[in-house]
Amino acid sequence: MTTAPSTTTDMNPADHPAQPRGAVSLRGAALAYGRRVLWDGLDLEVQPGEFLAVLGPNGSGKTSLMRVLLGLQPLSAGVVEVAGSPPGRGNRRIGYIPQQRSLDPTLTLRGRDLVGLGLDGHGWGLGLRGRKERRARVDEVLAAVGATDYADAPIGLLSGGEQQRLRVAQALVGDPRVLLCDEPLLSLDLAHQRVVSDLIDTRRKAADTAVLFVTHEINPVLPLVDRVLYLVDGRFRIGPPAEVMTSETLSELYGTTVDVVRVRDQILVVGATGKLCEDQPHHVVDES
Amino acid sequence: MDNFFDLGQTFELLSLDIVHRALVAGAVLGLLAGVLGPLVVTRKMSFAVHGTSELAFTGGAAALLLGVSVGYGAVGGAVLAALLLGLLSQRDSERDSVIGAVLAFGLGLGVLFLALYDGRATTKFGLLVGQPFGVAADNVWQLVGTAAVVLVVLAFLYRPLLFASVDPDVAAARGVPVRVLTPVFAVLVGIATALSVQIVGALLVLALMITPAAAACRVTSSPGRATLLSILFAEVAVLGGIVLSLAPGLPVSAFVTAISFAIYVGCRVVGRVRVRRIGNRRVAAQV
Numbered sequence: 001m002t003t004a005p006s007t008t009t010d011m012n013p014a015d016h017p018a019q020p021r022g023a024v025s026l027r028g029a030a031l032a033y034g035r036r037v038l039w040d041g042l043d044l045e046v047q048p049g050e051f052l053a054v055l056g057p058n059g060s061g062k063t064s065l066m067r068v069l070l071g072l073q074p075l076s077a078g079v080v081e082v083a084g085s086p087p088g089r090g091n092r093r094i095g096y097i098p099q100q101r102s103l104d105p106t107l108t109l110r111g112r113d114l115v116g117l118g119l120d121g122h123g124w125g126l127g128l129r130g131r132k133e134r135r136a137r138v139d140e141v142l143a144a145v146g147a148t149d150y151a152d153a154p155i156g157l158l159s160g161g162e163q164q165r166l167r168v169a170q171a172l173v174g175d176p177r178v179l180l181c182d183e184p185l186l187s188l189d190l191a192h193q194r195v196v197s198d199l200i201d202t203r204r205k206a207a208d209t210a211v212l213f214v215t216h217e218i219n220p221v222l223p224l225v226d227r228v229l230y231l232v233d234g235r236f237r238i239g240p241p242a243e244v245m246t247s248e249t250l251s252e253l254y255g256t257t258v259d260v261v262r263v264r265d266q267i268l269v270v271g272a273t274g275k276l277c278e279d280q281p282h283h284v285v286d287e288s
Numbered sequence: 001m002d003n004f005f006d007l008g009q010t011f012e013l014l015s016l017d018i019v020h021r022a023l024v025a026g027a028v029l030g031l032l033a034g035v036l037g038p039l040v041v042t043r044k045m046s047f048a049v050h051g052t053s054e055l056a057f058t059g060g061a062a063a064l065l066l067g068v069s070v071g072y073g074a075v076g077g078a079v080l081a082a083l084l085l086g087l088l089s090q091r092d093s094e095r096d097s098v099i100g101a102v103l104a105f106g107l108g109l110g111v112l113f114l115a116l117y118d119g120r121a122t123t124k125f126g127l128l129v130g131q132p133f134g135v136a137a138d139n140v141w142q143l144v145g146t147a148a149v150v151l152v153v154l155a156f157l158y159r160p161l162l163f164a165s166v167d168p169d170v171a172a173a174r175g176v177p178v179r180v181l182t183p184v185f186a187v188l189v190g191i192a193t194a195l196s197v198q199i200v201g202a203l204l205v206l207a208l209m210i211t212p213a214a215a216a217c218r219v220t221s222s223p224g225r226a227t228l229l230s231i232l233f234a235e236v237a238v239l240g241g242i243v244l245s246l247a248p249g250l251p252v253s254a255f256v257t258a259i260s261f262a263i264y265v266g267c268r269v270v271g272r273v274r275v276r277r278i279g280n281r282r283v284a285a286q287v
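Protein chains in written order, with UniProt numbering: chain A, 1 to 288; chain B, 1 to 287.
Incorrect hints may have been included.
[Unchecked claim] Simulated coverage check for chain A against chain B, where a stretch passes if three residues somewhere in it have a Cβ under 8 Å from a Cβ of chain B:
no., region
1, 69-77
2, 102-112
3, 120-130
Because the hints were derived from the structure by calculation, they are not lab data. Note that the Cβ used here is the ideal one computed from N, Cα and C, for glycine as well.
Extracted from the complex, chain A is given alone in its bound form (with noise of 0.2 Å):
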């Protein structure tokens, strides 16, 4: 990759390679399985409470990228940084809110328990110690999300925007300085999608944390997106959204004509009908 002239010539991480100013930062970031090269070259600054929307069909590694920065699959080639270290397993300035997925009705489990493992679940032994300053913090992050009235309620019987609800506290509870969102309105109602992505950007706005909002879907979280990361078949373009969803950047990610029509404030995009749409849920944990 050749330094593209930058405004913020200062903040050319390409200068500064020991020291990256960005929440999340990859630099010549390749990963391929085998002779499957998902994306090559990726040079990727998100700033602390920047809004970052990761757009693109099915396979074209968006969830991989998760897993990446996650610390569940390695690069390729290339270097990455989360929170000014190595991803490595579990790093705990990381936030990760997974897709709402249906949850066995009958879980032996309450809210209050799944934020508290947001917190703490990671850690060896019973935790028995301090399980007072435990509860004060799990009851706050409730709060903060509204859901302090089904905390105690099994979780199994709660809808689907209550449990992303909880989700998010779970995300927020560990005190995050990136959050990575997987999917996290899939399959919620638009007044859900509005209260969860609401409670994303409130969390960004306040503590400056980074987000990283893989979706298929750009319209819920438009208003809230700094810059687009569009990846299709190895190809990528990282920008505004004014830039990057516009049929000429985007016929040129898919090699075929679309069309991106603006309608009030949505955006529609048209052509290479069943490609550019994800419908299928996809699995951090399970792809292999």
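Following the hints, put chain B in place on chain A, whose structure we already have.
Using the frame of chain A, we list chain B on its own:
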């Protein structure tokens, strides 16, 4: 049948050493099964536990034939089974059929071993339905020691194990070694199963390991409370079963299974009411 609940005879028998040993062994197993149970139920491992106990039986039968301690044989068989099931069936879709295949083969082998063994018939039968009054003094200490080791390891692993059991995706994302914990937990369950086989028998391990936990999970959704209740139910079933079996001189496991099933049915009824009440309250709160 007249002496079915003969209190006098029960008290008389309660003073015997072999009964004391049975009660101690039972109490330890109740604790172990009670603690492991909720995790087993959450991880949907009931069938795996059954398969493991059948292989503990095979191991025990092989030990009889070879003339070594049945306890070692049972633990060996169960741990082997746990590792095998853990390694063969990382994929959920295949787990059921793998367990079925391994279980049937193991049981067949066990039957063969027993047929070749020309010892007492009660010893053979004991492997299947339990022999709590056959526990020798040093066996009790072995049992207590092994159970203590399992409990200590479990206490160390508890939180990540719970995380990986109820919320595997996020647990993995948070750095919990989900894949490593699966076989480790299977081995812990295998050891507990092998210990239980000596008391309640291979056929009835589920009454101790699954039923009390399944009952507890119907009446509470707090993992901590479910564990406490599951211990309580398991203790009531195993100790109550031993005491009730004394006067009539009938198999202990019949009473243990009956008590734990009664608790289970009771908890299901309570659970139904509970879920309906939660549902009503939630609807009322939304209106």
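Hints and how they fare:
Residue count for the region 69-77 of chain A with a Cβ under 8 Å from a Cβ of chain B: 3. That meets the three needed, and the coverage hint holds. Only residues whose C-beta sits within less than 8 Å of a C-beta in chain B count toward coverage, and the region 102-112 of chain A has 5 of them, enough to reach three; the restraint holds. Counting residues of the region 120-130 of chain A whose C-beta sits closer than 8 Å to any C-beta of chain B gives 8, which meets the bar of three, so the coverage hint holds.
Violated hints: none; the structure is consistent with every hint.
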